[in-house]
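Number of protein chains: 2
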Amino acid sequence: MAREEIKIFGPATVSNVGPGFDLLGFALEAPGDEMIIRRNGTDKLVLINKTESKLPLDPEKNVAAVAATSMLHKLGSCEGFDLIFISKIPPGSGVGSSAASCAVAVMGINELMGAPFDIADLVPFAMEGEKVASGSTHADNIAPALLGGITLIRSYDPLDIKHLPYPDDLWCTVVHPRLEILTGESRKLIPQMIPLQTALKQCGNLAGLVAGLTTGDYPLISRSVNDVFAEPYRTTQLPDFDQLKESALEAGSMGTGLSGSGPSVFSLCRGEEMAASVGQVKKEHFSSRGIESWVYVSRISEAGCKII
Amino acid sequence: MAREEIKIFGPATVSNVGPGFDLLGFALEAPGDEMIIRRNGTDKLVLINKTESKLPLDPEKNVAAVAATSMLHKLGSCEGFDLIFISKIPPGSGVGSSAASCAVAVMGINELMGAPFDIADLVPFAMEGEKVASGSTHADNIAPALLGGITLIRSYDPLDIKHLPYPDDLWCTVVHPRLEILTGESRKLIPQMIPLQTALKQCGNLAGLVAGLTTGDYPLISRSVNDVFAEPYRTTQLPDFDQLKESALEAGSMGTGLSGSGPSVFSLCRGEEMAASVGQVKKEHFSSRGIESWVYVSRISEAGCKII
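From first to last, the protein sequence lines stand for chains A and B. At position 25 of the first sequence (counting the first as 1) the number is 25 in our numbering, and the numbers step up by one without a gap. Take the position in the second sequence, starting the count at 1, then add 1000; the result is the number in our numbering.
Hints may be right or wrong, so weigh each one.
[Stated by the list, open to error] Below are the DSS-like pairs computed for lysine-lysine, each with C-alpha atoms no more than 25 Å apart in a straight line: (1) Lys131(A) with Lys1201(B); (2) Lys188(A) with Lys131(A); (3) Lys1061(B) with Lys1044(B); (4) Lys74(A) with Lys131(A); (5) Lys1061(B) with Lys188(A).
To be clear, the hints were calculated from the coordinates, so they are not data collected in a lab.
Sequences and hints are given; from them, build the entire structure.
Written as structure tokens, this is what we have:
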């Protein structure tokens, strides 16, 4: 007999990893979204919010419902489901809140329907939801939210995702300051025409970062975490961002950058202890400027969405 | 007693490897330059050409002499040397003819002087010579010519070179058609402002190529060998270039592109047999259009310049 209900965890993710603007992302062990999905015997998606976050409950405006609808449409299915939000990554934090919602919705419904799709094939449906949040179709949060680990989007057309190997002791600290930056607005700040020399800098750094990750070359990783496409235009609202990067580097991090479109700031670190102390340094940076912040310390997680 | 004379081999190299415009290059086992370098007891560099290629013999215009002068200047040395060109990669072929000359000159003089520099530290001197040939300072031929293997220029400022691992059975075929393209002229064709979306395509492909090489993922290598920065502007003089790429792909190659600024065309291949047959297909492409060509089939070479 087919399962009627399922509970799914979807991890927070860091996207736009340094020079990997729109292309590189990774999954964290925590925080994450939790969602219960159950058949409701109708032909509608019903959104139920049991979290403290404010979420749109109109299925045409809720990213998870848009993603789910896209998948159901592809299957030619008219089944209805309740999507019950149990726990939610704070929206607008820059750690893939919308991607996690989209990922858990498509993963859960896919499971309830007997897994007609491989998990990798769910990415395009989840991207449809992400599009509602950011105004553009990108997959660098969606791919690691579904697949786990560090994912490279080699190409969007056709979609081509590579799961990258990386060193075992690669940890990350994300500090989320209480500042609001909306992804859609933030994208508009980025120039759409750029000098070839700027593009070559980004290419070199991204290639260096990928080479550093796949060969376990920490110094190379450290030298490569630098984004010249988006970060210079997105960090104007973060006080003394260059100083923050410098402090995190001095504290031993392997490079610091905006997580997604911010305001969260990630730092790659070697080991948990280093990640914790770098997190503390970044928290102090914000608190000394009167800004409250939350610190997440996590190993890069091989797990994407999972049934709990 | 110090050595008075040395004979050096410097390999041909493929640069601008697919999406690695200005950043990625590799060394071939053959062809290559051979040069004898000997102290001449004066304070001058004397150029002696024993090859069939036409080479400038004015030390201010000869790339090898400019590179050597740059190194000697750094050392504060007034020693003179004869640079005797014994064998020469045809200039203007696109397989790093000038880079090989620069590399053998600085490598040889460095050896004769008791190796004051590590080989990696010779790159900037050789680049000074390369600048005379192309009008711009790039290192993606120089680095593999000196160091061997596949090299990524992560950054030019500061210069940061990573030697990449790659699969053992990676071979290359280069076909050199009798067509003349000069690097300096060819660079002027490339737009200096580009759409962000074009840059992201290149970033994705270069990251994919590096990931494919370092993890031995041949299908990913094959999907990633595509240059959107330079190739579309440089292949107008090569008849039916798209068809050539397609034929090489059908014959089993892992991707085809311009070698350097052309006119040579490289194809990455798995194993010698495949490389030989792809070379034949490309030769026929040109011969059926009335263009003579030379085929080189070589394993990617771990050796850079070496004493012979």
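Run the distance test for Lys74(A) versus Lys131(A): straight-line Cα separation, threshold 25 Å.
holds (17 Å)
Checking one constraint from the list: CA of Lys1061(B) to CA of Lys1044(B), max 25 Å. Satisfied?
holds (14 Å)
Does Lys131(A) lie within 25 Å of Lys188(A) when you go C-alpha to C-alpha?
Within the cut-off at roughly 14 Å; holds.
Is the hinted pair Lys131(A) and Lys1201(B) satisfied, with a Cα-Cα distance of at most 25 Å?
holds (19 Å)
Compare the distance between the alpha carbons of Lys1061(B) and Lys188(A) with 25 Å, and conclude whether the hinted pair is satisfied.
Distance of about 49 Å is beyond 25 Å: violated.
Hint compliance for this structure: hint 5 is the single one not met.
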